[in-house]
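The lines below spell out each chain.
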Amino acid sequence: MKLHYATNLRLRAWIRVALRPIRLPLTRMTLRREFSDHFEDCRDAMLDKGLSEREADEEALELLGSAREVGKLLKLVYRPKIYLIRAAILLLALLYLLPWPTRINRQFYGQIYWMDGTPPESVSFTLQGWKLDYLFKRDRLNLELIWDRPEDGEKLFPPPLMDPQEMMGYESSGLIFTYEPLFWGTYVGPAYPSEELFESTYMIPKSYLRLSPDGTSCMLSESFAHNWYILASNNPNTKDDALRTQYADPLQSFINAREAWINHLNDN
Amino acid sequence: MKIDKSLLSGSTSLLVLSLLKSGDKYGYEMITLLEAVSNEVFQMKEGTLYPILHNLEKKGYVKAYNQQTDKGRSRRYYHLTDKGAAQLIEEKTQWEVFSGAVNTVLHCGT
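As you go down the protein sequences, you meet chains A and B in turn.
Here my numbering is used: the first residue of the first sequence is 1, the next is one more, and so on.
Here my numbering is used: the first residue of the second sequence is 1, the next is one more, and so on.
Hint data in this document are derived by calculation from the structure and do not stem from the laboratory.
Any given hint could be a false lead.
Claimed, not checked - 16 Å max Cα-Cα, derived EDC-like pairs, lysine to aspartate or glutamate:
{"#": "1", "chain 1": "B", "residue 1": "LYS71", "chain 2": "A", "residue 2": "GLU40"}
{"#": "2", "chain 1": "B", "residue 1": "LYS45", "chain 2": "A", "residue 2": "GLU53"}
{"#": "3", "chain 1": "B", "residue 1": "LYS21", "chain 2": "B", "residue 2": "GLU91"}
{"#": "4", "chain 1": "B", "residue 1": "LYS45", "chain 2": "B", "residue 2": "GLU35"}
{"#": "5", "chain 1": "B", "residue 1": "LYS25", "chain 2": "A", "residue 2": "ASP37"}
{"#": "6", "chain 1": "B", "residue 1": "LYS71", "chain 2": "A", "residue 2": "GLU62"}
{"#": "7", "chain 1": "B", "residue 1": "LYS63", "chain 2": "A", "residue 2": "GLU34"}
{"#": "8", "chain 1": "A", "residue 1": "LYS49", "chain 2": "A", "residue 2": "GLU34"}
{"#": "9", "chain 1": "A", "residue 1": "LYS49", "chain 2": "B", "residue 2": "GLU57"}
{"#": "10", "chain 1": "B", "residue 1": "LYS25", "chain 2": "B", "residue 2": "GLU57"}
{"#": "11", "chain 1": "B", "residue 1": "LYS63", "chain 2": "B", "residue 2": "GLU35"}
{"#": "12", "chain 1": "B", "residue 1": "LYS59", "chain 2": "B", "residue 2": "ASP82"}
{"#": "13", "chain 1": "B", "residue 1": "LYS45", "chain 2": "B", "residue 2": "ASP24"}
{"#": "14", "chain 1": "B", "residue 1": "LYS45", "chain 2": "A", "residue 2": "GLU40"}
{"#": "15", "chain 1": "B", "residue 1": "LYS21", "chain 2": "B", "residue 2": "GLU57"}
{"#": "16", "chain 1": "B", "residue 1": "LYS59", "chain 2": "B", "residue 2": "GLU35"}
{"#": "17", "chain 1": "B", "residue 1": "LYS59", "chain 2": "B", "residue 2": "GLU91"}
{"#": "18", "chain 1": "B", "residue 1": "LYS71", "chain 2": "A", "residue 2": "ASP44"}
{"#": "19", "chain 1": "B", "residue 1": "LYS45", "chain 2": "A", "residue 2": "ASP48"}
{"#": "20", "chain 1": "B", "residue 1": "LYS83", "chain 2": "B", "residue 2": "GLU57"}
{"#": "21", "chain 1": "B", "residue 1": "LYS45", "chain 2": "A", "residue 2": "GLU58"}
{"#": "22", "chain 1": "B", "residue 1": "LYS21", "chain 2": "B", "residue 2": "ASP70"}
{"#": "23", "chain 1": "B", "residue 1": "LYS45", "chain 2": "A", "residue 2": "GLU69"}
{"#": "24", "chain 1": "B", "residue 1": "LYS71", "chain 2": "A", "residue 2": "ASP48"}
Based on the provided sequences and hints, a complete structural model is requested.
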């Protein structure tokens, strides 16, 4: 039934005031519809009693009562459970701030693979930081703030590629945000499978990519996989010309270099 | 005679549950029935009734459903659940004890 314009305005104003304390949009929408229906019920009853349309509108609006009073009563009915909200906030804060015992403050031992055929070398470094993992349906949303502290910087980047002093102490690795389908790797252990990291490489921010001080090499830290890969190198010591690539696009360089390295390993 | 709100506020759920005991009703129907049965002592506004009904629905004492009217509109009806019926008995008992005690005190010494 179409209401008179003025009645419609007054009804909408009443509903707006009554629903002001309600925060949730869905609840507001439901209540708005409900109050409109109840108003029309009342109006129909007045019309059945023989009142004119104008009189029925007035009577029905009068029967709604004080919008403010109704709002106060609705607020009591629809107030959120405060203690649940506080508990949820506390839990989230704890999850974010406390170290993740299975992954943080661990000593990692890894191998450096050099693209130019130099035999791999063993290195160790400590991984520290905070990590928060959400399992969202089938996917994993991963938010990390981590940093690496190589303990054996000299071995990690032998000269002339890297000044070892550059690598000592703490470095910030930045904030990693990855969102990856779980079917790529349902197990997340101390180290991500390399394929998984490879697939999600495009999500890793460039803070994980570093140029060596002499500017000849671009490196990607696969911290969880223990291994450091030299992405690309213009170092004249690099023997294989095929591996020498420009690092203008480090991510693509990584993908190309990694493929070349895997082929290199397979051939040998 | 106008009744103080504070006297009414503690009894509203009891009144509403009682109204629904005789069958499912919609909002305006409950208000008119309440006014008629109480000889116009209880003149509840529609706006006041619905938060009460929502609260009772949240607690599981009342269940709401929609039904088409003769005019083709959807109307919201309220039904007293088994839990609501049990609550009604509980509140009615409490009221009888309370009102009996009040009457006793009022008539004490007279």
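Outcome of the hint check:
1. B:LYS71 to A:GLU40: At roughly 11 Å apart (the allowed maximum being 16 Å), GLU40 of chain A and LYS71 of chain B satisfy the hint.
2. B:LYS45 to A:GLU53: violated, 20 Å
3. B:LYS21 to B:GLU91: Holds - the C-alpha atoms of GLU91 of chain B and LYS21 of chain B are around 13 Å apart, at most 16 Å.
4. B:LYS45 to B:GLU35: Distance ~10 Å between LYS45 of chain B and GLU35 of chain B Cα, so the pair holds.
5. B:LYS25 to A:ASP37: Holds - the C-alpha atoms of ASP37 of chain A and LYS25 of chain B are around 14 Å apart, at most 16 Å.
6. B:LYS71 to A:GLU62: Violated: LYS71 of chain B and GLU62 of chain A sit about 23 Å apart, past 16 Å.
7. B:LYS63 to A:GLU34: Since the Cα atoms of LYS63 of chain B and GLU34 of chain A sit roughly 15 Å apart, the hinted pair holds (cutoff 16 Å).
8. A:LYS49 to A:GLU34: Given pair LYS49 of chain A, GLU34 of chain A is violated - Cα atoms ~23 Å apart, limit 16 Å.
9. A:LYS49 to B:GLU57: violated, 30 Å
10. B:LYS25 to B:GLU57: holds, 14 Å
11. B:LYS63 to B:GLU35: Distance ~23 Å between LYS63 of chain B and GLU35 of chain B Cα, so the pair is violated.
12. B:LYS59 to B:ASP82: Measuring from Cα to Cα gives roughly 12 Å; hence the hint holds.
13. B:LYS45 to B:ASP24: With Cα atoms ~19 Å apart, LYS45 of chain B and ASP24 of chain B exceed 16 Å; violated.
14. B:LYS45 to A:GLU40: OK: LYS45 of chain B and GLU40 of chain A at ~15 Å, within 16 Å.
15. B:LYS21 to B:GLU57: holds, 15 Å
16. B:LYS59 to B:GLU35: violated, 25 Å
17. B:LYS59 to B:GLU91: holds, 14 Å
18. B:LYS71 to A:ASP44: holds, 9 Å
19. B:LYS45 to A:ASP48: violated, 19 Å
20. B:LYS83 to B:GLU57: holds, 11 Å
21. B:LYS45 to A:GLU58: Answer holds: LYS45 of chain B to GLU58 of chain A is near 14 Å, not above 16 Å.
22. B:LYS21 to B:ASP70: Roughly 24 Å separates the two Cα atoms, so the pair is violated.
23. B:LYS45 to A:GLU69: holds, 11 Å
24. B:LYS71 to A:ASP48: holds, 12 Å
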